[in-house]
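Engineer: Each chain, written out:
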Amino acid sequence: QQIQEDLNKQLFDNLVSFLRQSHPEFQGKTTEWTWRMKTREIPTAALVLGVNVTDHDLTFRSLSEVLQNNITPYIALLEAKDCPGIKNLMQKLMGQLMNCYIDVDSLEDEDYVQVSQRRIRCSMTSLIKWYESVTKKKDSETPSKKRTTSSRHLQSPPVVVIFKDMESFTTKVLQDFIVISSQHIHELPLVLIFGIATSPMIIHSLLPHSVSSLLCIELFQSLSCKEHLSTIIDKLLLTTQLPFKLGEKVLQVLINIFLYHDFAVQNFIKGFQLCIVEHFYSQPVSVLCCQLVDAKKRANSLSHDQCENIRRLPSFRRYVENQVSEKQITLLTEDNFLKETVQKLLEDLHVYHENYISVLRCLHVFTSSLPKYPLGKQIRELHCACLENRVWETEEYESSLQLARMLNKSDLVTMLQQCVEIFVSSSGKEFDKTVEKLKEFLTQFQKLEEEAFQEHDVSVSSQKELQKKTDLYHLQKTLLEFKESRRSKKLTKFETLRFEVVDYIDSLVRNYLVPADHKTLHEVVYFNTASVLREHLNAAPRIALHTALNNPYCYLKNQTLKSDGGSISNKAPDICIAYKLHLECGRLINLVDWLEAFSTVVTSAEGPNADVPSSDQVDDIIHARFIRAVSELELLGFIKPSKQKTDHVARLTWGAC
Amino acid sequence: MSQPEGHSSGALEVKFVPDEEVLKHIADDAGIKVRKDKTQLTAGVKRFVKKLENISDNEAQEILEENNYVAALGICAQDLMENGSSVSGGEVYSFQTAKRSSKMAELASELAQTPGQTVASDHSECPEKTAKTPQSSSNFLWAEIAWKCNLILLFAWQRAVFRRYIFLLLMHVFSLLLQSKKKEFVSTTPYRLRKRLAAPDPYLESESEYSASCSEEEGEEDHKEVSSVLSDQKTPAKTKAASTPPSRNTLAKKTREDKMSNLVEEYFEAHSSSKVLTSDRTLQKLRKRRLNQQTLHDLLKKAPLAYAAEIKELNQQHESLFSKWMLQLHLGFNIVLYGLGSKHDLLEKFRTSMLQDSVHLVVNGYFPSITVRSILSSITEEVLDHIGTFRSPLDQLEFIIRRFKEDPSLELYVLIHNLDSQMLRGERSQQILAQLSSLPSIYLIASVDHINAPLMWDQAKLSLYNWLWYETTTFSPYVEETSYENSLLVQQSGSLALSSLTHVLHSLTLNARGIFRLLARYQMENKDNPSYPGLSFHDFYQQCREAFLVNSDLTLRAQLTEFRDHKLIRTKRGADGVEYLLIPVDDSTLADFLEKEDEDV
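Protein chains in written order, with the UniProt record's numbering: chain A, 1 to 657; chain B, 1 to 601.
Take these hints with a grain of salt, some might be off.
As the list claims (entries may be wrong) - If you want a taste of the chain B side facing chain A, the calculated C-beta under 7 Å gives, among others:
#, residue
1, L299
2, L300
3, Y307
4, L314
5, Q317
6, H318
7, L321
8, G339
9, L340
10, E480
11, T482
What the hints assert, rightly or not - In silico lysine to any residue, SDA-like type, Cα no more than 20 Å apart, as pairs:
#, chain 1, residue 1, chain 2, residue 2
12, A, K226, B, Q459
13, A, K643, B, P584
14, A, K339, A, L313
15, B, K349, B, A309
No wet-lab data here; the hints were simulated from the structure.
Positions of the beta carbon are idealized from the N, C-alpha and C atoms, including for glycine.
Using the sequences and the accompanying hints, generate a full structural model.
Structural biologist: Below, the structure written as structure tokens:
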């Protein structure tokens, strides 16, 4: 479990660092124009963040951190939910500004702050007073401190107000705030930042022209969430740092949720965390899922039960079956020997991952530039394809190789160079040879180039010769020769080399990109139960209810409940019967009819010999059961009481679902 | 036409007359059970003869036709011996009810059927429909009446030989007849009947009553072999024993055929017409006392819980997940449970087994007066031992967040039953709860039941909640959850209102009580008037003066202010500016109150 927490931390660190990277350029611009505001206009940055609202929080936090460190200590983060009115907004603003004032300067006069907090009347003037006092204090009282601070923050640092979710602010509040603050812009250097989820047009639709003209808006586009995702996948999955890996299906599920549901990187990470938890919780051999050195140690200290667990793994069984018979016996009986082999296998697995990643990147370099992207544009698609099955058996791979055979030289050379870089940077030992080989290819290409020059010369000279000879027969002969030579020459030089390169890549792929479930002990590090993930992250409560009501046999394994087709047996639980009956009704349901139908079903279920005194006098117990079923349906939101007609309920769903 | 009539006219006539009579009886007084004995029968014969002479040609024709069906019945009855009556029930349509409700009854009968039944009457439905097409609705009514006559006739006539399979046959013949029938009924008696039928009241009220009379009839006629169970089974069939306009019929057919493809159309069909056709029956007419909460509870306790073993097994499956939940809660996820059945017990078990020695808070979301503020204050007061008030829930939340951040050793488990209840489903309360749950040291485990519960949360809230979904279908009844609901079927117990009324009044002076009683009595007198505006102040004053309860306008006003402060009365201004006084309590409670008061005085 400690490992898990480490991993989680690592994940977040990655994300934060990435987000930070995406902002320096933005923050540079901010500094530029904060000093240019001499007019009545309030400098405003509109930050278009895209629809992945969940990530915004993190973005803003890192942004304000960056701003705080580099530009100004006065930052207020405002959220729509805190500010239903202008008064609340001002209060919040004041509170935040004064708090951060303490944070930065850590002055000892807390009583002053307390006074200010108690002050209920927050107005712009008080804000300005406060601002002046702060800056003055800095100027006069603490010159030493001033120097240190002003080295970082320039004279009279601006007050930055960030509106996190601009769309959800009420327009009135925003307008008022902007108008008021524009009146005071001379005394109070104010900078606004709007977080926008949809499109920059929203500013103009939210604010009338008279207000928006007070703003001097500059637009910033944050990186698209897809790029976030690919960086995360790059950093998390395609690295040997993290021993834990995702299986193909799981990855697919996560990516699908991301692409089709929310575009939220945070949710992706949440899913990833859940995978880790689930893996460590459900897989007993996951104790070995850690860094290689630790894993070896742990493998040494495995208990007997754990050894048995390992022996039970299907991949390990396959491995055992392939061994000689004596070895099989020792593997299955002696724990110590098993431990050794496990260590060895783990090391193999580790090496496999190292190789896998580099070769995958290399293949990606090749395939990502092919027309139509038969293997996908993103490396994650390639990764999925490789995990799924032997990639070289797929049609897409075939076609991409074909396309690769038609690449022109310059592309090929650059790709090869990239591959060399990848292999050099990777830590695998086995790649020395490949690097050499690739380099060899490169030099050959260079040679080819030189030769091509010479060839060109030759061909030119031959043409000259051709011009000399006017003899028809000779001409024909030389032309034929020329043609032949050209064809053969091309094949022998560039094309053969190209074929060689492609074949070599192919061989690399075949060697290293074996899908993970063919590897022994892959269960240790791969998490593969996608259904669990889907269940917990992307649940379908309505479907669950529907099946429970329509087909109670799914849950209650009783033979009497078994039914074929759409009908349910009359022995189903009361609520199912009531539900089924209500499905047949229109918008309004007459309770009496319903009750009668219900009692008919229920009495018939109790057996035809049940003696019912008279048909209109519904049994009390059945009545009570009906009442319960109806009120349960009401609770579930299928019906609601209606005033349109006496003793009627309105149906809230329609159709047969 | 006349040819088949000849077959069994003698027997038929005897039967037919009593039925006519039965109808009349019903028409005259629906509540009266039809008594029939031999004497009546004979009298009926006479009357029938008389009637035959009196009525117009058309009428005679009609009756002949009716006889005709029965004749045909006689012919074919033997073939139909094998079919159950309920089968035919599936194919008939209810009288003046929407097709939907008829479908309900239909389904009920289908469900009630024993599985291996054939639907032999399919073919009979089609001609019927085609037959109906040219008919006008009044015609339908007439046909309906005639048909019902036949129904009753049938029951009367029924011997062991014929059983109830005749239904089917009857329909068949009936349809043929309708084809030949034109719109020219100008008869007197049926017309009256028709009117009666059109008026919603006693006749329509119960097909069930109808059937009751039928079975009685049977009893009278000493057909002991026809068991009462069978007659019961007929009830749904009869509920449907009617016609709906043919266009609707075909529409229903179509929608059933390709339900999936025109879901959209179905939606608009259901919602296009503001008028909804359902039967006008009300619960009051059921002669069924409304159960109050307590009796309901007792009754349900008596009823055995179906599939207890399976439900227990399900619960055990869920309980095996407890430790996993704990782990995941600690890892920063929050857990939400969904699925059919009450999850109250499950959560309660979770609480007792896992959270015994940790600080936890149970929120019963289904409780009708729960608010976010009360949740928050229970956290601040009980958990954080903070005494003091907060200006707004937001402040309170901030305080809680601060406290929890300051002190990482604080841990709190929050269990919320029905996070989607009426009181908690609002945007603001969900926002606050979401923020609360996003605290790393607050572990939230909640349950949702409403089908649209996930719509409460947008992306931002979802990410705050950080849910893990668990399907926990328990099938256990929602006992606690529904006990606070104001179901239509449960009598508004009003006991609470009543007790508060009496309590408040007991603390008042005798005169004040008199004043109130006066108002209450006046309201009771006017309870049948739907547009009763209340008692105007001036009239009230007059009455009070006459009863020597007040001596001046001012004293009455003072008294009324007191009532109003206790929310005993409500005043509203009418269109003419006059003040009207109303007691905002439902009639039954008020009646109870008056009864009690009368006892006291």
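Engineer: Checked against the structure, which of the hints given earlier come out wrong?
Structural biologist: 5, 6, 7, 10
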